[in-house]
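K.L.:
For the protein sequence lines, the chains are A and B, in the order given. Using my numbering, you'd call the opening residue of the first sequence number 11 and step up by one each time. Using my numbering, you'd call the opening residue of the second sequence number 1211 and step up by one each time.
Please note that a few of the clues may not be correct.
[Unchecked claim] Simulated pairs of lysine to aspartate or glutamate, EDC-like, Cα-Cα distance not exceeding 20 Å:
1. B/1259 <-> B/1376
2. B/1250 <-> A/128
3. A/97 <-> A/56
4. B/1303 <-> B/1377
5. B/1386 <-> A/83
6. B/1403 <-> A/39
7. A/110 <-> A/125
8. B/1250 <-> A/74
9. B/1259 <-> A/74
10. A/49 <-> A/83
11. B/1250 <-> A/125
12. B/1303 <-> B/1274
13. A/110 <-> B/1376
14. A/110 <-> B/1377
[Unchecked claim] Chain B residues, not near chain A, derived (Cβ > 12 Å throughout):
15. 1276
16. 1295
17. 1296
18. 1303
19. 1310
20. 1314
21. 1352
22. 1375
23. 1413
24. 1426
25. 1449
26. 1457
[To be verified] Estimated spans, in silico, between C-beta atoms of each pair:
27. A/83 <-> B/1291: 30 to 38 Å
28. B/1372 <-> A/124: 19 to 27 Å
29. A/83 <-> B/1332: 33 to 41 Å
30. B/1326 <-> A/52: 43 to 51 Å
31. B/1351 <-> A/41: 39 to 47 Å
In case anyone wonders, no lab produced these hints; they're calculated from the structure. All C-beta atoms in this analysis are idealised placements derived from N, C-alpha and C, irrespective of residue type, glycine included.
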Amino acid sequence: MKRAFGPSHRAGRGALLALILLAAPALAETPIPHPPRGKGEHCVADTAFMRRNHMDMMFAHRTEAVHEGVRTEKFSLAGCVACHAVKGEDGKPVAYASEKHFCRSCHSYAAVSIDCFECHKSTPDETAKTANASERQDEEKLAAHLREVKP
Amino acid sequence: MSRDCNTGGSRRDVLFGAIAGVVTLAPGITLTTFGAAQAKPAGEPVSSKIRWGLLVDVGKCKPDCDACIKACAQENGLTTTSRPEIDAQWIRKVTLRDRQSGVTRTTVAMCQHCENPPCVDVCPTGASFRREDGIVLVDKHICIGCRYCMMACPFKARSFVHEDHDDQTTAAPRGKGVVESCNFCVTRVDAGKKPACVEACAGKGGGALTFGDLNDPDSDLSRALKTLPTAQLRSYLELNQGVRYANLK
Chain A
11 MKRAFGPSHR AGRGALLALI LLAAPALAET PIPHPPRGKG EHCVADTAFM
61 RRNHMDMMFA HRTEAVHEGV RTEKFSLAGC VACHAVKGED GKPVAYASEK
111 HFCRSCHSYA AVSIDCFECH KSTPDETAKT ANASERQDEE KLAAHLREVK
161 P
Chain B
1211 MSRDCNTGGS RRDVLFGAIA GVVTLAPGIT LTTFGAAQAK PAGEPVSSKI
1261 RWGLLVDVGK CKPDCDACIK ACAQENGLTT TSRPEIDAQW IRKVTLRDRQ
1311 SGVTRTTVAM CQHCENPPCV DVCPTGASFR REDGIVLVDK HICIGCRYCM
1361 MACPFKARSF VHEDHDDQTT AAPRGKGVVE SCNFCVTRVD AGKKPACVEA
1411 CAGKGGGALT FGDLNDPDSD LSRALKTLPT AQLRSYLELN QGVRYANLK
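Could you build all of it, start to finish, from the sequences and the hints given here?
P.N.:
What follows is the structure, given as structure tokens:
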């Protein structure tokens, strides 16, 4: 039985290979999400771990925070929002309504609708914004210093 | 700690003060905002050793003042909607009028943070709950918006959020379809601060609000309760509220 299917099977495999070779450029263009980098050096846990488990971490944190008053910064939604803020064209962090928002960069792609931001603020607090401002000032100072040192 | 440093304590005192200052500052909370007796590290759960309470001195509440209400709205992002009559009220001004003499005074009403809260009894999902430290609040993640708690509350303290919002504060997430009420500014309390209304009343208002730990005999609140005749609203319900009123009659 197996032998009877031999030649056609081989031909099929050849066709598949040709198809893959032809389709290769198209595969390379398959859009994949590119979530923007956060502010710090690294996230509160490994990137691979966060990709898979962030929802469980946040779920556990929310219960502890609301019911027991455990308000640690690790895994807090406010912490995520502050670190992963993406600035819009006006230089201000964008809200969840914008496609540029960090959470949407993956969730829109995966068609997973989240309702966190129906209640939670999707942009960092004013204090976090001031931190950004001082960061920008530092950058400007550094640039001015470099211009003086290396004209 | 800083007093030790200023009154010329030994070098060790100064050093100890400095270390303690750094340790306290590490979780992002300043030494000054952290009341010594009320300090709770951010990673520790609340305990029943503390019971938060509030004293409203009706005699000190100024009739034309709304500092507490404005502060509450700002802290918790209680913005007005297209229909102001359905806006959420976490704290509201109440006018008291003596029918015989006609004398009027004002006070404030909000969630009374009962020890035996009827809102918790009736909640079908467990969203309405009482924290170990006596703060009664709604877990909006599991609130289904049935509004039983609004009907059960003898103090009309709860509000339903009727419309979508996109202007929340980080400290107070709120959105359409859930019930909410005063939670003593729970994130501020967890950070060692006082509720926004209490701070505002002490600043711009008449200093009518005293917040503190009912279980601590040395707290400002407990001391005031020992010296002033105070009452609980609708005390016949035996709910043992955390909010008490002085000079009510």
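K.L.:
Please check whether residue 83 of chain A and residue 1291 of chain B have a Cβ separation lying inside 30 to 38 Å.
P.N.:
holds (32 Å)
K.L.:
Non-interface claim for residue 1413 of chain B: all C-beta distances to chain A beyond 12 Å?
P.N.:
Check passes; 20 Å lies beyond 12 Å.
K.L.:
Quick one: work out the minimum CB distance from residue 1276 of chain B to chain A and report holds if it exceeds 12 Å, violated otherwise.
P.N.:
Per Cβ check, residue 1276 of chain B is outside 12 Å of chain A; nearest 24 Å; holds.
K.L.:
Using the C-beta atoms of residue 1372 of chain B and residue 124 of chain A, is the stated range 19 to 27 Å upheld?
P.N.:
holds (23 Å)
K.L.:
Just want to verify: residue 1296 of chain B was marked as not at the interface with chain A; is every Cβ pair farther apart than 12 Å?
P.N.:
Holds: least Cβ distance 18 Å, greater than 12 Å.
K.L.:
In terms of Cβ atoms, is chain A entirely out of 12 Å range of residue 1310 of chain B?
P.N.:
holds (46 Å)
K.L.:
Taking the Cβ atom of residue 1326 of chain B and the Cβ atom of residue 52 of chain A, is their distance within the range 43 to 51 Å?
P.N.:
Cβ of residue 1326 of chain B to Cβ of residue 52 of chain A: about 48 Å, so the range 43 to 51 Å holds.
K.L.:
Residue 49 of chain A and residue 83 of chain A were given as a pair; does the straight-line alpha-carbon distance stay at or below 20 Å?
P.N.:
OK: residue 49 of chain A and residue 83 of chain A at ~15 Å, within 20 Å.
K.L.:
Hint check: residue 110 of chain A vs residue 125 of chain A, CA-CA at most 20 Å. Holds or violated?
P.N.:
holds (17 Å)
K.L.:
Given a hinted range of 39 to 47 Å, is it respected by the beta-carbon distance of residue 1351 of chain B and residue 41 of chain A?
P.N.:
Check failed, 33 Å falls outside 39 to 47 Å.
K.L.:
Tell me if the straight-line CA distance from residue 97 of chain A to residue 56 of chain A falls inside 20 Å.
P.N.:
Outside the cut-off at roughly 24 Å; violated.
K.L.:
Is the hinted pair residue 1303 of chain B and residue 1274 of chain B satisfied, with a Cα-Cα distance of at most 20 Å?
P.N.:
Judged against 20 Å, a Cα distance of about 10 Å means the pair holds.
In summary, the structure is inconsistent with hints 1, 2, 3, 4, 5, 6, 11, 21, 22 and 31 from the numbered list given earlier, while agreeing with the others.
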